[in-house]
Amino acid sequence: MPSQDETHAAEPGSSGSRRLSRRSLLQGAATAGAAGLAVTAMGATQARAATDRPAPGDGDQAKLPSGPIVLNVRDAKSGDIEVFYGTSQVQLQDKELTARIARAIG
Amino acid sequence: MSSHREAPEISKDPVADSTDLYAFVSAGNTVTLIANYIPLQLPAGGPNFYEFGDDVLYEIHVDNNGDGRADISYGFRFRTTVVNPGIFLYNTGPISSLTDPNWNRVQTYDLTVTSGGHTRTLGSNLPCPPCNIGPLSTPNYASLASAAVKNLAGGITVFAGQRADAFYVDLGAIFDLGDLRPFENLHAPLSSLKAVNGVNATDNLNVHSIAIQVPISALTVTGHPTIGVWTTASRQKARIYDADLGTYINAGPFVQVSRLGNPLVNEVLIPMGQKDLWNSLPPAGDQWFASSVTNPALAGLLNTLYPGSFTNVAGLATAGTKRTDLQAILLTGIPAGVINKTFTNYTGSVLADMLRLNTTIPPTAKPNMLGLLGGDPAGFPNGRRPGDDVVTIELRALAGLTYKYVDPTYSVDQAASAISDFNGAPALGSPPTGTFPYLGMPYCGYNYAPAS
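First to last, the protein sequences are chains A and B. Going letter by letter, the first sequence gives residues 1 to 106 in our numbering. Going letter by letter, the second sequence gives residues 1001 to 1452 in our numbering.
Everything labelled a hint here was simulated from the structure, so no lab data went into it. A couple of the hints might just be wrong.
Calculated cross-link-like contacts (lysine-lysine; reagent style DSS-like; alpha-carbon spacing at most 25 Å) [claimed, not checked]:
# : chain 1 : residue 1 : chain 2 : residue 2
1 : B       : 1275      : A       : 95
2 : B       : 1275      : B       : 1012
3 : B       : 1322      : B       : 1341
4 : A       : 95        : A       : 77
5 : B       : 1341      : A       : 77
6 : B       : 1341      : B       : 1275
7 : A       : 63        : B       : 1237
Chain A residues, not near chain B, derived (Cβ > 10 Å throughout) [to be verified]:
#  : residue
8  : 63
9  : 66
10 : 69
11 : 73
12 : 77
13 : 100
14 : 102
15 : 104
One-sided and incomplete, this derived list gives chain B residues near chain A with beta-carbon spacing under 8 Å [claimed, not checked]:
#  : residue
16 : 1249
17 : 1254
18 : 1431
Yeah, the Cβ is synthetic: ideal placement off N, Cα and C, and Gly gets one too.
Could you build all of it, start to finish, from the sequences and the hints given here?
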């Protein structure tokens, strides 16, 4: 969103372009205690999810959109998915993808 | 209220909630269009003072051929810049100019116009003024607001920022079972009370206005001097809360969540179960809601609330008589020959709730707050000026006063020409002005005095 970009750009001390976030706070606290265990577990889950798909090559990376992408699975059975990106919306029919999503949340 | 909190969904999203819309012919052969958003602002509402939504698309639409669809749309997109996120203050000292570094939360906007499928930018990074905080923070508010009035190419003038709400209404009474304090002695459950003057519920409250003044020639096409105007707010279709960032992420196309043409249509005429749907549709689809306008539930209730005072209009409601007067006022414009031989703001047979303005009728130096009902064709329902008493005008129309224009044999109830929520217009602390952006200076937070 423009506002977020603007706020980000104006933020002093943001030379590392890393914004103060809930995740970075949690990760910062992960050196000890139960919170650390929770974050480790969360990180492991994310890592496993990431390895489920093939790593894109450099060429593919260049084509990846930079903003958030939001998916709405309207009907998992038929594979009907709405994809929202930027100010656009596309419809997908992908039973394989909805099946994978169903397995992930099941 | 005109359209403040008028539907269940939008009442939970005040940043996108339109409150009032004005359209009137102004000096120099121009039309001024004003859309207000963010209702019922307490002037002292800091430290996060009110501002437009960066994630909302605000638009004012003009239909210039009578089809209920936008031919010209002015779009406003806002952008907030936090100068120093390390402090909690809105300002760290007096704000003496729109570029003063003491102002910590600065809002600017881009203005576009869309016509014929093409969108072009009319202005970028245009400044909003800050909110009117108090004598220490915004010591010369008039100059700050004035600096935010910008003249653009094409004879366009624009402003976006906080202003005083010019709309007045006795909300506390009206929403208490249709009580009108000046007629309380006639109200069935309250008949033991004495008639008193109304209480202006929006007194001392602010709104956020987007105002644009455009040459008439840029809005009209040959043979169609009457324009239809409405405002919308839209949000992107997908919105999720990113707990990691502590903010919302938006994606997808913009979809309409708020609409306002004529005052009080969605608020008073559209039934509860259809209000959110109405807000999401263009005026061109209003034939689906036409029966709520031409057979208004409120007209039938008046005689129940005020027994014996509205028997004739109750008869129309009971008989299911189609209120073609209300259809003309709100959905088609008034054809020539209805009010008099010359007046018209008819746009055709398409039923569409738009604020219709015949741009050939010049402004008057002596406006009558009852507009057309008061013999002043430059006022509501021919457009709407900030000083027009639209509650009284629409109450009287609903009560049958205007039905005589479409059926000369109809006998108007005596009370219909007197009904109002005030004995005359209430005095406003910051009334509308005679110059752009026309709405009064916003009420100041420091001087705000809550009712005791």
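Check the non-interface label on residue 102 of chain A: least C-beta distance to chain B beyond 10 Å or not. 20 Å, holds
When you check the alpha-carbon spacing of residue 95 of chain A and residue 77 of chain A, does it fall within 25 Å? With Cα atoms ~7 Å apart, residue 95 of chain A and residue 77 of chain A stay inside 25 Å; holds.
Please confirm whether residue 69 of chain A is truly not at the interface, meaning its C-beta sits more than 10 Å away from all C-beta atoms of chain B. 7 Å, violated
Proposed interface contact between residue 1249 of chain B and chain A, which counts if any beta carbon pair is under 8 Å: With a closest approach of 5 Å, the residue 1249 of chain B hint holds.
Taking only the CA atoms, is the gap from residue 1341 of chain B to residue 77 of chain A under or equal to 25 Å? 64 Å, violated
Could you let me know if the closest chain B CB is still more than 10 Å away from the CB of residue 73 of chain A? At about 12 Å from chain B, residue 73 of chain A clears the 10 Å cut-off, so the statement holds.
Proposed proximity, residue 95 of chain A with residue 1275 of chain B (alpha carbon, max 25 Å): Not OK: residue 1275 of chain B and residue 95 of chain A at ~37 Å, beyond 25 Å, violated.
Against chain A, run the beta carbon of residue 1254 of chain B and see if the smallest gap drops under 8 Å. Result: holds, 7 Å to nearest chain A Cβ.
25 Å limit on alpha-carbon distance, applied to hinted pair residue 1275 of chain B and residue 1012 of chain B: Satisfied, since the Cα-Cα distance of roughly 13 Å is no more than 25 Å.
Non-interface label on residue 63 of chain A, tested against every C-beta of chain B at 10 Å: 18 Å, holds
Measuring Cβ to Cβ, find out whether residue 77 of chain A lies farther than 10 Å from everything in chain B. Given that every Cβ of chain B is farther than 10 Å from that of residue 77 of chain A, nearest at about 22 Å, it holds.
Taking only the CA atoms, is the gap from residue 1322 of chain B to residue 1341 of chain B under or equal to 25 Å? OK: residue 1322 of chain B and residue 1341 of chain B at ~24 Å, within 25 Å.
The structure fails hints 1, 5, 6, 10 and 18 (numbered hints given earlier, in ascending order).
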